[in-house]
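Note that the protein sequences, when read in sequence, are chains A and B.
337 is the number that this note's numbering gives the last residue of the first sequence; the numbers go up by one with no jumps.
337 is the number that this note's numbering gives the last residue of the second sequence; the numbers go up by one with no jumps.
Note that these hints are calculated values from the structure, not bench results.
Accuracy of the hints is not assured; some may be wrong.
Quick look at which bits of chain A chain B covers, simulated, 3 or more residues with Cβ under 8 angstroms [stated by the list, open to error]:
(1) 180 to 192
(2) 201 to 215
(3) 218 to 231
(4) 244 to 252
(5) 278 to 286
(6) 304 to 311
(7) 317 to 330
Built from N, CA and C at the ideal position, the CB exists for glycine as well.
Spelled out from the first residue to the last, the chains are:
Protein chains: 2
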Amino acid sequence: MNFIVRESTPKDMPQVLGLIKELATFEKEPDAVEVTEELLKEAGFNSDPMFTCFVAEVDSEIVGMALVYFRFSTWKGRSLHLEDLIVKDKMRGSGIGKELYTKVIQYAYNKKVKRIEWAVLNWNNRAIKFYERSGATVLKDWYIAQMDEAGIKIYLENLE
Amino acid sequence: MNFIVRESTPKDMPQVLGLIKELATFEKEPDAVEVTEELLKEAGFNSDPMFTCFVAEVDSEIVGMALVYFRFSTWKGRSLHLEDLIVKDKMRGSGIGKELYTKVIQYAYNKKVKRIEWAVLNWNNRAIKFYERSGATVLKDWYIAQMDEAGIKIYLENLE
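Isolated chain A, as found in the complex (with noise of 0.2 angstroms):
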């Protein structure tokens, strides 16, 4: 299959958003996207961006994504963040993601960080093992905590 991967335009954002919806349906949360195509416009391409976005392309339909930012870790320094990499269900398989997650180290590298770091739902075996073959380490001692913006408005209300 001819597919090019490349960086993001603003006019690659409604189908990038169509590609977040799909994914947060195979994580169960169809609901969870409250980003809208004029956010991630405006977030990923004002003067001081906060994300890099690279999409792979087939025939002008983007098929794929991967979407970092950069970190601090106290430990080692500047660190890459790989928030989201998806592929079309209907493209797996065909090389896609392996492309986009190497287009992402590329980026890493050049960027010269300390590491790159994502996360990945404890019951998603294949991914598992593919970032384990890559030379990932998946640390299992970790939990994730939130607190969401209601959360954020009980505390500081309930606050002596």
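Given the coordinates of chain A, assemble chain B onto it according to the supplied hints.
Just chain B now, kept in the frame of chain A:
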């Protein structure tokens, strides 16, 4: 006890690094800290800082810190990541940790982020209970994957 919580300055970084090393020892990885005072000063206080750090001070001694930066959730939008919240061992139970935690939540509220996120070791029951009581959700179905500098290099060298 009299303490103040304030945003850090470059001058605080030597003591902040001391706290980072103390936490690494608690987490059973005393040799994992590669960052230096110079790196913290550069990364945190240049024109495009990679983090914001709050410190707790008692009689000119830094006895606690919380370090945060922004992330981007493809579901929710801008979020705040709490990378570390550290209180000196001798100061535990003094309310300093709670005050730093509150400072982070206030900062998140002021910055209008969609959520705050952090990681907690799955054997640190005291911390997990504290976070849950405060209104956070602790997700137990994710693993954290990491590829370090050596892994990045090996992956790219082994590409066809």
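Here is how each hint holds up against the structure:
no.: 1; hint: 180 to 192; result: violated (count 0)
no.: 2; hint: 201 to 215; result: holds (count 6)
no.: 3; hint: 218 to 231; result: holds (count 4)
no.: 4; hint: 244 to 252; result: holds (count 8)
no.: 5; hint: 278 to 286; result: holds (count 5)
no.: 6; hint: 304 to 311; result: holds (count 3)
no.: 7; hint: 317 to 330; result: holds (count 13)
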